[in-house]
Amino acid sequence: MTDRLRNKVAIIVGGATGMGRATAVRFVQEGALVMIADRNVSEMEKTLQLSRHHGLDVDQVAVDVSKWDQVENMVDTTIQRYGRIDVLVNLAAILMLTGPLAEIEERQWDMIMDINLKGSFFTMKATIPYMIKTGGGSIINVASSAAIDAFTRSLPYNVSKAGLKHLTNVAAGQYTSQGIRINCVIPGSVDTPQARGSTQSSESIENAMLRHPMGRIGKPEELANVILFLASDEASYISGSTYIADGGAQNAGRRNY
Amino acid sequence: MDKLIDIVNRAIEDYGFRQIAQWSPEDVVQMWDLTNEEAGVVTGPIKMALDNLPIPVEPDDYIMEKARFKQIIEKALST
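In order, the protein sequences belong to chains A and B. Counting along the first sequence from 1, when you hit position 227 you're at 420 in our numbering, and nothing is skipped either side. Counting along the second sequence from 1, when you hit position 48 you're at 707 in our numbering, and nothing is skipped either side.
Hints were generated in silico from the structure; no laboratory data involved. Some hints could be false.
[Stated by the list, open to error] Listed below are the simulated DSBU-like cross-link pairs for lysine-lysine, each with C-alpha atoms no more than 35 Å apart in a straight line:
| hint | chain 1 | residue 1 | chain 2 | residue 2 |
| --- | --- | --- | --- | --- |
| 1 | A | LYS318 | A | LYS358 |
| 2 | B | LYS725 | B | LYS662 |
| 3 | B | LYS725 | A | LYS260 |
| 4 | B | LYS706 | A | LYS239 |
| 5 | A | LYS326 | A | LYS260 |
| 6 | B | LYS725 | A | LYS239 |
| 7 | A | LYS358 | B | LYS729 |
| 8 | B | LYS729 | B | LYS706 |
| 9 | B | LYS725 | A | LYS326 |
| 10 | A | LYS311 | A | LYS239 |
| 11 | A | LYS318 | B | LYS729 |
| 12 | A | LYS239 | B | LYS662 |
| 13 | A | LYS412 | A | LYS318 |
| 14 | B | LYS706 | A | LYS412 |
| 15 | B | LYS706 | A | LYS358 |
For reference, chain A alone in the conformation it holds in the complex (with noise of 0.2 Å):
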């Protein structure tokens, strides 16, 4: 542990698996006071007792960031708890498949958009208040690779994750200069069970390790370094900037699976 954070309260939206557990993990490692809120209680539960290993200020409140009334009562949660907001990790998210552009049903549009999409929205609005009471904050939005890609069998989701991109960038204009820094990660492949659903079959995941530059997909723990950075103090000098964390494969041509 090195205090990164020391003393910093962080919520992490979409805290119960995958990244979101990673980060919750890291960022009681470095000293935060940890706010975990998903809508998935029994997974969040484990995130809860794995990040009390390392620490005791950490807390749980359920939340479907869709719901504005629920987003109230998670920040409101979390003043009562810790009194202040100085990191929103937004990474609550659905990959659902979906046909070609003109058999996607409104609701498969709505239910994808409202998740990906308005509970950012939603989190950031219900966030942003607080942070500048307190003098500032910092916000990581993490959208993934179908932001920059077509991904094919998720038009919403692309979209979705393109515009929390563009969420992110247009907030950062509205909020540097009272002291909110707001960022984007983008990750690529990550060994997330999000990942491991969205693949259809646990072979064409193992294939897409096969094809990636590195030979392996990301690890959670790897992505949660990357939002660590981006809450930390070192980091300072960062807003509106778009990191992303794909192993390479960018460049290589072979970002999707």
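Starting from the known structure of chain A, fit chain B onto it as the hints suggest.
Same frame as chain A, but now just chain B:
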């Protein structure tokens, strides 16, 4: 019955949709315009069964899982 079959079939083949059905079942109830009885099946036995599905369900297992879930639905609606 047909709507519930549609919901479980999607959840078996698509992990993204499965998460909606598990953690925001009220959205599924609303979007599929389910009756109170059907909603109870989604939030009860279907959710319990979805919680125990592997990630992902292998394509070779789709037919078996869909048949198993159909039985769960039929049993729930008959009681």
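Hint check results:
Taking the CA atoms of A:LYS318 and A:LYS358, the gap is near 16 Å; set against the 35 Å cutoff, the hint holds. Between B:LYS725 and B:LYS662 the alpha-carbon distance is near 14 Å, which keeps this suggested pair within the 35 Å criterion. Our distance criterion of 35 Å between C-alpha atoms is met by B:LYS725 and A:LYS260, whose separation comes to about 31 Å. Between B:LYS706 and A:LYS239, the direct Cα distance comes to roughly 19 Å. Compliance with the 35 Å bound is thereby established for this hinted pair.
Proposed proximity of A:LYS326 and A:LYS260 is supported: the alpha carbons are some 24 Å apart, at most 35 Å. Under the criterion of a C-alpha separation no larger than 35 Å, the hint pairing B:LYS725 with A:LYS239 is consistent with the structure, at around 29 Å. Straight-line distance between C-alpha atoms of A:LYS358 and B:LYS729 comes to about 41 Å, which puts the hinted pair past the 35 Å bound. Restraint check: the Cα-Cα separation between B:LYS729 and B:LYS706 comes to about 13 Å, which is no more than 35 Å; the hinted pair holds.
Taking the CA atoms of B:LYS725 and A:LYS326, the gap is about 53 Å. The hint is violated against a cut of 35 Å. Straight-line distance between C-alpha atoms of A:LYS311 and A:LYS239 comes to about 27 Å, which keeps the hinted pair within the 35 Å bound. Among the hinted pairs, A:LYS318 with B:LYS729 is inconsistent with the structure: their alpha-carbon atoms are about 42 Å apart, more than 35 Å. With a CA separation close to 33 Å, the supplied pair A:LYS239 and B:LYS662 stays within the 35 Å bound.
The suggested pairing of A:LYS412 with A:LYS318 holds, with an alpha-carbon distance near 30 Å, which does not exceed 35 Å. The suggested pairing of B:LYS706 with A:LYS412 holds, with an alpha-carbon distance near 29 Å, which does not exceed 35 Å. Of the pairs offered as hints, the one joining B:LYS706 and A:LYS358 holds, with about 33 Å between alpha carbons and a cut-off of 35 Å not exceeded.
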